[in-house]
Each structure stands twice: as C-alpha cells, then as structure tokens.
Amino acid sequence: MDDTRPLFQQIVEQIEDSIIDGSLPEETRAPSTNELAAFHRINQATAANGINKLVADGLLYKKRGVGMFVTAGARDKLVQRRRDAFGESYIAPLLAEAKRLEMDADDVKKMIDNWRDEE
Amino acid sequence: MNRIIHVARIQLVNAKMVIGFPLFILLFVLAANIVLFLAAPFPEPEQGSSPTGALMSIYIATMILHVQTMTQMFPYALGMSITRRDFLAAAGLVVVGQALLYGVALSVLRLIETATNGWGVGVAMFDLPFLEVSNPVMQVLVYAGPFLLLSFAGLWAGVVYQRWGQLGVWILSLSLAALLIGAAALVGWRNWWPQVGSFFADTPTPVLLFVYPVVLAAVFAGSTYFTTRRATA
Amino acid sequence: MSVVSLRGVTKRYGDTTAVDDVSFDLHENRIHGLLGRNGAGKSTVMRMLTGQDLPTSGQIRVVGENPFENAGVLRQVCFIKEAQKYPDIFLARHALKSAEMIFPNWDAEFAEQLVDEFRLPLKTRTKKLSRGQLSAVGVIVGLASRAPVTLFDEPYLGLDAVARQLFYDHLLADYAEHPRTVVLSTHLIDEVADMIEHVVVIDRGRIVMNDSADNLRSQAVTVSGPTKAVERFAAGHTVLHREDVGGYARLLVSGIPEGRDTTSLQVEPVSLQQLVVRTAQLSDSALAGAANGKGELS
Numbered sequence: 001m002d003d004t005r006p007l008f009q010q011i012v013e014q015i016e017d018s019i020i021d022g023s024l025p026e027e028t029r030a031p032s033t034n035e036l037a038a039f040h041r042i043n044q045a046t047a048a049n050g051i052n053k054l055v056a057d058g059l060l061y062k063k064r065g066v067g068m069f070v071t072a073g074a075r076d077k078l079v080q081r082r083r084d085a086f087g088e089s090y091i092a093p094l095l096a097e098a099k100r101l102e103m104d105a106d107d108v109k110k111m112i113d114n115w116r117d118e119e
Numbered sequence: 120m121n122r123i124i125h126v127a128r129i130q131l132v133n134a135k136m137v138i139g140f141p142l143f144i145l146l147f148v149l150a151a152n153i154v155l156f157l158a159a160p161f162p163e164p165e166q167g168s169s170p171t172g173a174l175m176s177i178y179i180a181t182m183i184l185h186v187q188t189m190t191q192m193f194p195y196a197l198g199m200s201i202t203r204r205d206f207l208a209a210a211g212l213v214v215v216g217q218a219l220l221y222g223v224a225l226s227v228l229r230l231i232e233t234a235t236n237g238w239g240v241g242v243a244m245f246d247l248p249f250l251e252v253s254n255p256v257m258q259v260l261v262y263a264g265p266f267l268l269l270s271f272a273g274l275w276a277g278v279v280y281q282r283w284g285q286l287g288v289w290i291l292s293l294s295l296a297a298l299l300i301g302a303a304a305l306v307g308w309r310n311w312w313p314q315v316g317s318f319f320a321d322t323p324t325p326v327l328l329f330v331y332p333v334v335l336a337a338v339f340a341g342s343t344y345f346t347t348r349r350a351t352a
Numbered sequence: 353m354s355v356v357s358l359r360g361v362t363k364r365y366g367d368t369t370a371v372d373d374v375s376f377d378l379h380e381n382r383i384h385g386l387l388g389r390n391g392a393g394k395s396t397v398m399r400m401l402t403g404q405d406l407p408t409s410g411q412i413r414v415v416g417e418n419p420f421e422n423a424g425v426l427r428q429v430c431f432i433k434e435a436q437k438y439p440d441i442f443l444a445r446h447a448l449k450s451a452e453m454i455f456p457n458w459d460a461e462f463a464e465q466l467v468d469e470f471r472l473p474l475k476t477r478t479k480k481l482s483r484g485q486l487s488a489v490g491v492i493v494g495l496a497s498r499a500p501v502t503l504f505d506e507p508y509l510g511l512d513a514v515a516r517q518l519f520y521d522h523l524l525a526d527y528a529e530h531p532r533t534v535v536l537s538t539h540l541i542d543e544v545a546d547m548i549e550h551v552v553v554i555d556r557g558r559i560v561m562n563d564s565a566d567n568l569r570s571q572a573v574t575v576s577g578p579t580k581a582v583e584r585f586a587a588g589h590t591v592l593h594r595e596d597v598g599g600y601a602r603l604l605v606s607g608i609p610e611g612r613d614t615t616s617l618q619v620e621p622v623s624l625q626q627l628v629v630r631t632a633q634l635s636d637s638a639l640a641g642a643a644n645g646k647g648e649l650s
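Chains as they are written, first to last, in our numbering: chain B, 1 to 119; chain P, 120 to 352; chain G, 353 to 650.
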C-alpha cells in the first residue's frame, strides 16, 4: 500500500488486477472485507469501501449467505475499460517523456517495433 | 585516585541529603528532648535514660543511609561504568570522612552542652559519663568509632541484599541472632555476666569505643569487599 | 577494526541458559542493531559487555581487554539501559552531573540543549519523573557522553513518538560529527532500520544473523500482486513467507529475481523487521519440525 492514493482505491485496483490476470477467475469467491483487512493491515471499513465500489461497477455481486463473487464477464469488461483508458494512462505519458528526451512520435514507433521484434 | 574522588563526589552529589539527613535527625531529637525537659527541668540523669537513646539516633540513621549506599547507589554506579573496586574505595572514603565529620560535630555539641549546663534545661545528650576522655582528638575519635562500625556494617548488609536478596538478609539476620543468643546462653550458663559487666566498665573508653569498633569495622569492610566482587546490579 | 569481540560466550543462571555460545564482533565507528525478541538474550549480552555480569564461559574483549572490573576500559563505555533506577535522593540534574563526572568526553552544552528539547525538569526527584522523562534522562546521558562505545538497551521505549524521533535525529547528527561505535538493542526494528549499518540477531540465546544491513537487504524482496503474476516472478527462488487473499498474494522471496516482468506487481526491498520476524519464525518451525520428526514428544 503506498501513500499516494486512497487506500480503498488501491484495494479496487488490486482486485481488478487479479481478475484480469486470471488469478481471481469469474464466478469464484472474492476475498471478504475481513480477509482484505487482515492481509493489508487496514481498517475493515476501508476494505468495505473498495468492495462496494467493485459491486457498484458490476464487477462483483453478492450471493446471499455465501459472500462476494466475481461477476461473469467481469474480465472482459475490465479489459475493455482499461483499453479505453490505455491511451490516457500509458500513451500520453509515453509521448510526453519521449518529447522530454527529444524523440518524436516516429522515433517512438520505431522503438516499439524494435522491442516487439526482440520479444 | 582521581577516579575514586570522582565516584565519592557522585555519592555526595546530593550532599545535603547524605550528610545533612542524619544530622537533621539528631538535631530534631535534641530539640524534642529540650522541649520535654522544659516541662520537667533538671531531673536526675539515669543510666540508659532517653538521652542515650537520643544519641543513638544519628548512628542508626547513618547506618541506614549506608545500607542504601549499597542498595541504591551501587547498582546505579555499576550501570554508569564504575568498577566495584572504585565504588567501594569511594564509599570507604565517604564513610571515614563522614565519621570524622560527625565526630567533630558531636564533640562541639558536647562542649556547648556542658557550657550551657544541659542546654539550659539539664539535657545530657552528648555529655554522657562513659564518653568522657581526656584529650579533644580522642573525643572526636571516640564519637567516630561507632560510626565506622555501623556504617561498614550497613554497607555489608546492603550488599548482602544486593547479592542474595531478601533471603540472604534473612539468613544473615537469623545467623547473627543465633550467634548472639548462643553467646548470651553460654555466658549465662557459665555465669560470666560479672566478667562481661566489668569488661565494659573497666576497658578504657578509647579502646572500647574506638579501637574495637575500628577492628570490627575493618572486618565488615573486608566482608563487603568480598561480597561485592561478584555482585551484580 | 573490531572494537568489541565475543568468542564462545555462554551465560547460565542455574538451569537456564540465557546466552549460548555466542560469538560476534562489533566494528569501530558503526551503528549496530542488536535485534531479537523479548527474552532472547540481548540485555544479558550487553550486561556482560559492560562488566556488570560475568560470562559462565567464553571470552569478551572490549577495546582489546576484558571489561570486567577494568576501569580503563569501562570509562570508554556508556551503557544506557531501559529501566535505569536512580538513587532515591537524586534529582534529575544529579543524574546528569554524575554522568559529567564519569565520562571524559562529556559535552555539557550538548546536554543542556538536549534537556531543553526533551523538556526534562531538572529539579524534580528521579522518583517522581514520568516514564518518558526517565527515558529522556538515559537518552541524554547516552548522547552527551560521547563515549567511544555507546550501548542503548531499549532506553527509548518510554519516549513518545516525537521524542523518539528527536533521539534518532540527534543520534545520527552527532554520530556524523563525532563518530563512535553505537549499539542499539531493540525489538522496535522498523523505526531504527534505516539507521543500522550492521545487524546482529539473537534468538533464544543464539546468534541467528550477523551481517551488514546492506547484505541482508540484498538477500530478499517482498513482492505483491495477482497470484499468478507473483508466482511467475518468484519462480525458481525460495519463498520464505507467503500470504494469500483471494487471487492476490504477498511473497517474501529469497534472492532478487532479475529481469522479470513486474507489471501489476509491487516489488519492495524487504524490511528488516520482516526479515528478522520471518527468520525467527522459520527457526521456530524448524525446531517444531525436528521435534515432530522424532515421533512422540510429550
């Protein structure tokens, strides 16, 4: 947990990462607020905030008497959302940094191709 | 030697308390006696009457002070990187200095007492018949002797407590008591009381109140040294 | 240069072995951490280093000599313990005054400044000082003594967070200007982790770790993230400790995996606290395992 962003936001992002990565598959049980609070050594209310946001976003749903589960299709939804934000999150800063280093968009494109070839 | 002086200064760092407290007790008892005697002036002085007990007050107070030298000052000194040897040497220095100082103080008070005819009311606290000696130096030493004895005894009792705890002190006290009772029993059985009585009456005061106490004090000092060698804070 | 050395030091109290065959060195002009749980033997070791206790066996050398009853050595050593008791008749200022008389390098001006900053009431009897104020006395003596070998045995536990920070700040600043060999013994590892240059960990009377802080930190990492990504990252390395919560995991990994994908992972240097705690737990479970392996152990 870092000090730069609200804790509940970090909880949200961590669970989203696990869903995208496949570590937390759809229709499996998501961690409860107690488990999250113990693991991250934070307040249960903060953990609950994170869970609630995920429910509000439709990524988790509640099965009465059992717990929180990952919604079917959550992964695709998340990937799409992140793709939409990809430009702002990654490309814009990429180009800004490139500019600082006196590279233009073409230089960057060439670099991307080189890296991809080496993969 | 320099180091030892430093340690002695530490023991006296609150000199007001260390030196002053027993003196304060003494003066308090003196004042109490004067007030008492004001109510009934010039009674017959008896042997072993309250004035004698009054004088004991400063001796007992000093002994208790030096028990605390070992139970409080010693652990502190160990924690402050002072060696046991240095501490004991300094304690010895303080004890001797204090004994002589009090000896002088008591002699002076005695002079005042005789000069004022018992503080104006006939109190005989310092001017006790068996304490009288011919020369002033001897007078000081005669007062000082028991201080030396009791102070070193106090130091030893303190370090016994430090090393062996309450149990050690109990065992020590019981042993001492047993020894005394045993001796008293022996004396009683052999009917040696008259000899004991004349021992106290006939031995010249300087020997009784200075030489013997100093010898016993040295014994206590030695015991203290050996007990302290392995004592921990 | 080794300014303190212990070789095969053992201390037994009756049936209990408080310190068991301990050997280590303290280097000149470095800040050492003597870490371990309560009752591990830290205080016993420090008491023997300062001549207050004698080892049952083994050899101790401080600035080249046996410290026991050795005034020449001891005046170079300042030992500040947690619950230092002062004589009843002492006022706070007497404690400082006596320190001034003992330690040749005492800096009175520095002491005065510290008294101000820690808000120590000089005229109060030591008996009447609060726990924090008592700790402050100890800390002030330890700092102002400028003793070549200064040992702090958890003296700062009574201090509040502000005062503790004052202590750490002053220690570092003064240590920079007047280098000396410092030992901090504590179980509050996180707070001092950044100051410590050399780490000695004691558990149940035995040395379980003895290395420079840099070396230790380079020996493990903490990585957290989605379980699959984390496991990929840690592949091939020993996992010292693992925590899981639904699809997310935090691993303490031995060695530092290089050139691996770290997207969506949080990789942090291992905290000394974690390293010490987990190592102690490992030795606990190893002991338990050994016991089980022997079959019934009643």
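Keep in mind that a hint or two might mislead.
[To be verified] Simulated coverage check for chain P against chain G, where a stretch passes if three residues somewhere in it have a Cβ under 8 Å from a Cβ of chain G: (1) 179–192; (2) 197–204.
[Said to hold, decoys possible] Here are the simulated EDC-like pairs of lysine to aspartate or glutamate, each with C-alpha atoms no more than 20 Å apart in a straight line: (3) B/K63 - B/E35; (4) G/K580 - B/D76; (5) P/K135 - G/E464; (6) G/K449 - P/D321.
Hints were generated in silico from the structure; no laboratory data involved. No residue lacks a Cβ here, since even glycine has one placed at the ideal position from N, Cα and C.
Going through the hints against the structure:
| no. | hint | in the structure |
| --- | --- | --- |
| 1 | 179–192 | holds (count 3) |
| 2 | 197–204 | holds (count 8) |
| 3 | B/K63 - B/E35 | holds (17 Å) |
| 4 | G/K580 - B/D76 | holds (18 Å) |
| 5 | P/K135 - G/E464 | violated (24 Å) |
| 6 | G/K449 - P/D321 | violated (50 Å) |
Against the hints set out earlier in the document, violations occur for numbers 5 and 6.
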